[in-house]
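Sequences listed follow chains A and B, in order. Following numbering that gives the first Met the number 0, the residues of the first sequence are numbered contiguously, the last one being 318. Following numbering that gives the first Met the number 0, the residues of the second sequence are numbered contiguously, the last one being 238.
Please keep in mind that the hints were generated in silico from the structure rather than gathered at the bench. Among the hints, a few may not be true.
[As the list claims (entries may be wrong)] Derived CB-CB ranges, DEER-like:
hint, chain 1, residue 1, chain 2, residue 2, range
1, B, E109, A, A152, 55 to 65 angstroms
2, B, V140, A, D240, 40 to 50 angstroms
3, A, R194, B, V140, 10 to 20 angstroms
4, B, N22, A, A96, 47 to 57 angstroms
5, A, A284, B, H129, 29 to 39 angstroms
6, A, S306, B, G167, 24 to 34 angstroms
7, A, L119, B, Q233, 49 to 59 angstroms
8, A, A296, B, N169, 48 to 58 angstroms
9, A, A284, B, L90, 24 to 34 angstroms
10, B, N37, A, V18, 51 to 61 angstroms
11, B, F12, A, E137, 56 to 66 angstroms
[To be verified] Covered stretches of chain B (in silico footprint by chain A; criterion: 3 or more residues with CB under 8 angstroms from a CB of chain A, positions within the stretch not fixed):
hint, segment
12, 81 to 88
13, 99 to 109
Yeah, the Cβ is synthetic: ideal placement off N, Cα and C, and Gly gets one too.
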Amino acid sequence: MRAKGLTVTEKRVLISLFVVSGLLCFLPPGLSVYQQHVLIVSLFYVMMASSWNLVAGYTGQVSFAHAAFAGIGAYTSGILAAKAGINPWVGVVAGAAAAALLGLAVGVLCLKMGGIYLSLTTLGFSEILRIIITNEYEVTRGTMGLQIPGLFAEYSKLSYFYVMLVGALFTLIVVRLLIHSNLGLNFRAVQNDERAASSLGVNVVQVRLLAFTFSSALAGMAGALYGHYLLLITPEIPSLDQQFLVLSMTVIGGMGSFFGPILGAFSLEILSEYIRAYGEYHVLAFGLVALVVARFAPNGLVGLITSRRDKKASPAAAA
Amino acid sequence: MALLEGQGLSKRFGGVAALDGVNFAVEQGTIVGLIGPNGAGKTTLFNVVAGMFRPDSGRVLFRGEDVTNLPANTICRMGIARTFQVTRPFLKMTCLENVAVAMINSPRSEHGRDWRRAARTYLDYVELGHLASTEARYLNVVQKKRLEIARALATKPELVMLDEVLGGLNTQEIGRAVEFVKRLRDERKLTICWIEHVMGAIMGAAEKVIVLDQGKHLMEGPPDAVVKDQRVIQAYLGD
Ligand SMILES: Nc1ncnc2c1ncn2[C@@H]1O[C@H](COP(=O)(O)OP(=O)(O)OP(=O)(O)O)[C@@H](O)[C@H]1O
Ligand SMILES: [Mg+2]
Numbered sequence: 000m001r002a003k004g005l006t007v008t009e010k011r012v013l014i015s016l017f018v019v020s021g022l023l024c025f026l027p028p029g030l031s032v033y034q035q036h037v038l039i040v041s042l043f044y045v046m047m048a049s050s051w052n053l054v055a056g057y058t059g060q061v062s063f064a065h066a067a068f069a070g071i072g073a074y075t076s077g078i079l080a081a082k083a084g085i086n087p088w089v090g091v092v093a094g095a096a097a098a099a100l101l102g103l104a105v106g107v108l109c110l111k112m113g114g115i116y117l118s119l120t121t122l123g124f125s126e127i128l129r130i131i132i133t134n135e136y137e138v139t140r141g142t143m144g145l146q147i148p149g150l151f152a153e154y155s156k157l158s159y160f161y162v163m164l165v166g167a168l169f170t171l172i173v174v175r176l177l178i179h180s181n182l183g184l185n186f187r188a189v190q191n192d193e194r195a196a197s198s199l200g201v202n203v204v205q206v207r208l209l210a211f212t213f214s215s216a217l218a219g220m221a222g223a224l225y226g227h228y229l230l231l232i233t234p235e236i237p238s239l240d241q242q243f244l245v246l247s248m249t250v251i252g253g254m255g256s257f258f259g260p261i262l263g264a265f266s267l268e269i270l271s272e273y274i275r276a277y278g279e280y281h282v283l284a285f286g287l288v289a290l291v292v293a294r295f296a297p298n299g300l301v302g303l304i305t306s307r308r309d310k311k312a313s314p315a316a317a318a
Numbered sequence: 000m001a002l003l004e005g006q007g008l009s010k011r012f013g014g015v016a017a018l019d020g021v022n023f024a025v026e027q028g029t030i031v032g033l034i035g036p037n038g039a040g041k042t043t044l045f046n047v048v049a050g051m052f053r054p055d056s057g058r059v060l061f062r063g064e065d066v067t068n069l070p071a072n073t074i075c076r077m078g079i080a081r082t083f084q085v086t087r088p089f090l091k092m093t094c095l096e097n098v099a100v101a102m103i104n105s106p107r108s109e110h111g112r113d114w115r116r117a118a119r120t121y122l123d124y125v126e127l128g129h130l131a132s133t134e135a136r137y138l139n140v141v142q143k144k145r146l147e148i149a150r151a152l153a154t155k156p157e158l159v160m161l162d163e164v165l166g167g168l169n170t171q172e173i174g175r176a177v178e179f180v181k182r183l184r185d186e187r188k189l190t191i192c193w194i195e196h197v198m199g200a201i202m203g204a205a206e207k208v209i210v211l212d213q214g215k216h217l218m219e220g221p222p223d224a225v226v227k228d229q230r231v232i233q234a235y236l237g238d
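Just chain B, same shape as in the assembly (with noise of 0.2 angstroms):
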């Protein structure tokens, strides 16, 4: 059984169909890339799933649960946390107050009364230790994505979504930040689902590479398969 299973997973905004029976799988386990052009649909994925949008049609299962239209709170105490794409910290507090809220809604997480320390671990751990106290709105984006990626793994989390937390990195920093998701999963033994435009880190990290299209499931497989695969070559080229 898949930790995390969509069936048919449909959702349209407008006239605009961003799913259109999506069906998906995640392994227990493994780091699974999202991959597809833009407004593809794989943010929305991801909202879906996170209790953010109800789908119009469709299943979310996780750990076999059905868990489709349970709130987003619900979803993330279950253990399924998500990053922003567009990142979204609480501005006014500080980047330690900012883990905390996520460590304190969680009830996995063994903070005791003392979070502060606690919340400062998950800080170094993406090397915001030095900017504890300061207040989020003081950050640049690529402080801002680490801090999504602090209080997502605050939330002790068994499935973690990542959307594009690469962004504003060079080369040497994406290398980095690929071993730091092998980490995640090896060390903290997390299910990762990733979606990034940088193919080159999906292929260095992922199993398996789901492709969206136009709300479309279009293909699955492993990493170097699916960069060859002719309809994935179309559906970036465009026609």
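Next up, chain A with everything else stripped away, as it sits in the complex (with noise of 0.2 angstroms):
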């Protein structure tokens, strides 16, 4: 089915993705600020989702780091510009490479036990970098929140919107051409059984290194342009609520397919916009949900749209 059809897919993937992107080209500057943000924040989700997909959904790591990355980016972008004046920009490719280097120094602790130790080790990081930002007041002010300055001189929500666009763009690009290239084969062997994939000579620590190094880049990206978008960078962007948000969103949505993360995204955060006035809870709510979906539809909402097509295209009778 899969690789039969590839070509066909891969023209339908490019297609709905151009037509989409072209949709919402012209959409914002019909919209309400308020909805021009509420897609903004959409688009970094499908950012921070897709990527976190990269390691969970395609090599079977869950790293609890991810918003840990984003947050790197953020402060790592966001401190070059308020302290040393350097280019937005030129900070948003520093951030990026900063979580790509921390992703493969935490990977290196870590990824050769895997599994749990994976999980643990990146909680624990998530931690030790929330009380590093809330306690180095001087560099980070903290709980507070650094003001930092946007991409634009001129602040503009479609420009932002236009830019998160670009960057999901982008980042789906890399998941996409990742996923199809001979590393991603690599990837979903090593999901799929390590042992027989060690065996056929898949280095699979190394894989599984790439997999995160590539991912926490794509975090860090992220949350750099965020950052910029916000003005205001807090220990929120790195929070255990954000990484949980985002995990929702990829179990919710369809783990370990391209699909799933975008439309988990979009449909989380609109979602939590209508909720958000029945108190904070809503992470919590969607961690339930999300619990639910794995144990019942481990293919998430991607999977339940494709379940009816694929059963009937299924070889059953393969004799």
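Combine the two chains into a complex, taking the hints into account.
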């Protein structure tokens, strides 16, 4: 099913990406400032969820440091711009690079052990980062937040929208290319069966490390862009709340699928705008829904949508 | 010099001595049968050679080189491929992708950029070509065993270790499978180490048979001599 229709699927994916982003391009000018804001935040989560999906969905490594890497990106770029006057665009690249380097370091520390150790180490890393940011008041302004320059001389939501759209498309294209490269085959082999993969020559640790580093870099870029949009960066960005929101989006949308995180990011972000009025428990609620989804519909919304079609196509009589 | 050699290999699991000082050799270009009752340590021997388990003591030599504690992926890249007795296909990947993983990680594979076509020839070779784009989870047991073989071959090995690949076949199919394994040796110049309970198959293909019993190397020799040996009969009947 998969390989046969690959070129067709590939075309379909590209076309739908272009159509949707084309539509998005014309949409915002007619929207209210608030609606534009929701779209911008959604696009940030598209970047976050899609890049988290790269490690969690495609190599089966559940990292809790994805929001932390976004924080590394945001604070690197933000501090460079605010304290050293470095051009924010350069800062975004530096933020992504810093996240990649730290991702590599964390990966080297714990990927050999994998599984639960990775989850625990990344959880610890997140917490340490939060403590550092909160305590290094001189540099980060702690929980008060650090005011940083924007990407443009003149503030315009519309410009930010286009920047985030390009960032999201870039992230999606990178993810797509990786998944369909030889490395992507190895990602999936490692997730399907580590032992079988290594017996066929796959260097499991190296493959996980590459996925983790790419994913961290993309999170760093997302965080840096988002920070320059908010103009005020706080420990909220690298918080565990944020992490669980990204996790919920990916799981509910569909782990290990290309469209799952996109769908999850938009629907949960928009939904959370509606239920925000009822207090700040929406992340908890999403987490619970994600648990149920993981248990009963492991392929998420995307799985539910495509399962009917797949049933027909599956060679049940594979003789 | 033998292509593969084991010297004094031992491996314990808790109280069980799965391997107990096993010495063996596999000569280049031959088919060597590995037999023994259930739990004799046959699969463990493969796992130790393939770098899946570290032996407690002893050495594994491949082309005379010590490969004892190398990781599984390195062993594979050096030219030793294995199939799993309990098959381990990548369930959520297509048959073609399953084979592709083996090809793209092999330093000897000459697939170039177009691995699809090359992978397809391996599937055709084991008669799974028509299922190329089917996910492996839809395969039945016999097809999964074939996929194991296709993947092992796709790594372009020098030595293939087959672990009970005849499961689920009838007598006629077993005959064909034996011819298939012999062709692997003759046409692909492979050396083969083959675990099988079906005596007839081993008898028809192997130059040499090694018998394991309770982790120990019981005896070895040409197939007809082995099946007549009193110790082997005793081991199989149990006491
Ligand atoms: N991973 C493991 N953990 C614990 N014990 C093991 C493990 N692998 C094998 N054993 C034990 O080692 C002994 C040898 O097992 P092994 O699988 O090598 O036998 P075998 O000769 O392949 O048997 P069979 O013909 O049934 O496949 C058995 O007692 C088995 O229970
Ligand atoms: Mg066995």
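Taking the hints in turn, this is what the structure says about them:
1. B:E109 / A:A152: 55 to 65 angstroms: holds, 56 angstroms
2. B:V140 / A:D240: 40 to 50 angstroms: holds, 47 angstroms
3. A:R194 / B:V140: 10 to 20 angstroms: At 19 angstroms between Cβs, range holds.
4. B:N22 / A:A96: 47 to 57 angstroms: With Cβ atoms ~54 angstroms apart, the hint holds.
5. A:A284 / B:H129: 29 to 39 angstroms: violated, 48 angstroms
6. A:S306 / B:G167: 24 to 34 angstroms: Given a distance of about 30 angstroms, which is inside 24 to 34 angstroms, the answer is holds.
7. A:L119 / B:Q233: 49 to 59 angstroms: 52 angstroms Cβ-Cβ, so the 49 to 59 angstroms window holds.
8. A:A296 / B:N169: 48 to 58 angstroms: violated, 41 angstroms
9. A:A284 / B:L90: 24 to 34 angstroms: Distance hint for A284 (chain A), L90 (chain B) holds at roughly 33 angstroms.
10. B:N37 / A:V18: 51 to 61 angstroms: Because 60 angstroms falls inside the window, the suggested range holds.
11. B:F12 / A:E137: 56 to 66 angstroms: holds, 57 angstroms
12. 81 to 88: Contact hint for the segment 81 to 88 of chain B vs chain A: holds, 4 residues under 8 angstroms.
13. 99 to 109: Satisfied; 6 residues make the cut.
Of the numbered hints given earlier, the model fails hints 5 and 8; all others are met.
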